[in-house]
Amino acid sequence: MTVAGSQVGGEVVAAQEPPQAEEEAPRAALKRKDNRAWWLVLPVVVSVAFTAVIPLMTVVNFSVQDVFSPVDRVFVGLEWFRTISRDPEVRAALVRTLLFSLQVLLLEIPLGVALAVVMPRRGVWVSVALVLVALPLLIPWNVVGTIWQIFARGDIGLGGWTVNNVLGINFNYTLDSTDAWITVLVMDVWHWTPLVALLAYAGLRSIPEPYFQAAQIDGASAWATFRHIQLPRLRGVLTIAVLLRFMDSFMIYTEPFVVTGGGPGNATSFLSILLSKIAVGQFDVGPAAAFSLLYFLIVQVFCYVFFTVLTRSGR
Amino acid sequence: MLDWMVWTVPTALVFAGLALLLVVMAVWARLSPPVARRGFLRIETDRGDRLYIGLISAAVVLAGWIAITDLSMWLALGCALLVAVVIGIWG
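Protein chains in written order, with this note's numbering: chain G, 23 to 337; chain F, 20 to 110.
There could be a bad hint or two in this list.
[To be verified] Reference excerpt, derived from the structure (chain G facing chain F, CB under 7 Å, subset only):
#1 V81
#2 V82
#3 V86
#4 R104
#5 T105
[Said to hold, decoys possible] Covered by chain F, according to a simulated footprint, are these stretches of chain G (three or more residues, beta-carbon under 8 Å):
#6 208 to 216
#7 320 to 328
[What the hints assert, rightly or not] Beyond 10 Å from chain G on every Cβ pair, some chain F residues (computed):
#8 G67
#9 I85
#10 L101
Calculated directly from the structure, the hints in this document are not laboratory data.
Yeah, the Cβ is synthetic: ideal placement off N, Cα and C, and Gly gets one too.
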């Protein structure tokens, strides 16, 4: 084994011949060289700085000023943070958004896992099931909104018409705030449960067959198999699913914007809708910047806590 | 100079401080690599983790303070720094 080989060559050789004494030297050489690989991260750092960090810093700068134009601006300190964090409309939207995210998680995670469990494990139906389940994910957000805007209408929409005329329930999402809420929630469940299902399905497929054989020999019921074999093994993918679904539903914008426009009244005006109203509609960039930063902080805290609880609790 | 990012002196100072903090942490990690351990947060953290948790907690204290009370923000800053330091040392 030679030390002077290339990195890849050294690794291949080390994998083929495992003599213990000779392994240390090339490994040390590899480690030294590996540090230089950090330079490969540089393009990512530069592009993230350009597209995310610098704009975010600009938002911070905006949040402490009243900007009339780039040259005509006044430093106002933390005034916008005070205004925004005490605004009853913002607080109501925060509660609404949290409630929505909670309901989304409570519905989509169990549904997605259930779907993954009943999906076929082998045979031709695997592809059919995967394509069918993945279909809603391929539809752009605004199209999903348009589909549901029509589908849920009582007069021309199949869903709304069925609820009104077949089930006999008076349903009108443009007038009734509960109906609007249910429409947006069901739409989100329809759109995003497939993501959870696909993640959970991938997780389930990675469980080695002997686990199930052992469970069968022990005479475990389907529920016991699920509870003690499948569910614990889904921890990793479900962490990702919970994080993705939380962040996404907490930032939901397009679908309720298309379907209800935040109404009726304020019933479905989530944080993002209110924020864009302040930022783009009224062009109050200062308050909007403060709003964005508080929003960002909430997302950061939730994601970090979720991530830590879900990944580190075992350690 | 940096008019396009509408800089102000206070925000520039905050970001310079953060950048300095990152540089200091990087140099410190070079001199003595961080060790993961368990504190009152009951999760395994090294000092970088605790710095992040401390900064986020400080931001939460500041945001909560401004949303709830009219007391001086300097007092809030003091509390926030205290929280960050406590997490940094014992977290």
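Now the hints, each set against the structure:
1. This hint is violated: V81(G) has a C-beta 10 Å from the nearest C-beta of chain F, more than the 7 Å allowed.
2. Against a cut-off of 7 Å between C-beta atoms, the interface hint on V82(G) holds, since the closest Cβ of chain F lies about 5 Å away.
3. The closest approach between the C-beta of V86(G) and any C-beta of chain F is roughly 6 Å, which is under the 7 Å cut-off, so the hint is satisfied.
4. Below 7 Å, beta-carbon pairs count as interface contacts, and R104(G) has one with chain F at about 5 Å; its hint therefore holds.
5. For T105(G), the shortest C-beta to C-beta distance to chain F is roughly 10 Å, which exceeds 7 Å, and the interface hint is violated.
6. With 0 residues bearing a CB less than 8 Å from a CB of chain F, the region 208 to 216 of chain G misses the requirement of three and the coverage assertion fails.
7. Chain F is given as covering the region 320 to 328 of chain G, and this holds because 3 residues of the stretch bring a CB closer than 8 Å to a CB of that chain, at least three being needed.
8. Against chain G, the non-interface label of G67(F) holds: every CB pair exceeds 10 Å, the least being about 13 Å.
9. A beta-carbon of chain G comes within 10 Å of the beta-carbon of I85(F); the shortest separation is about 5 Å.
10. The beta carbon of L101(F) is kept farther than 10 Å from every beta carbon of chain G, the shortest such distance being approximately 19 Å.
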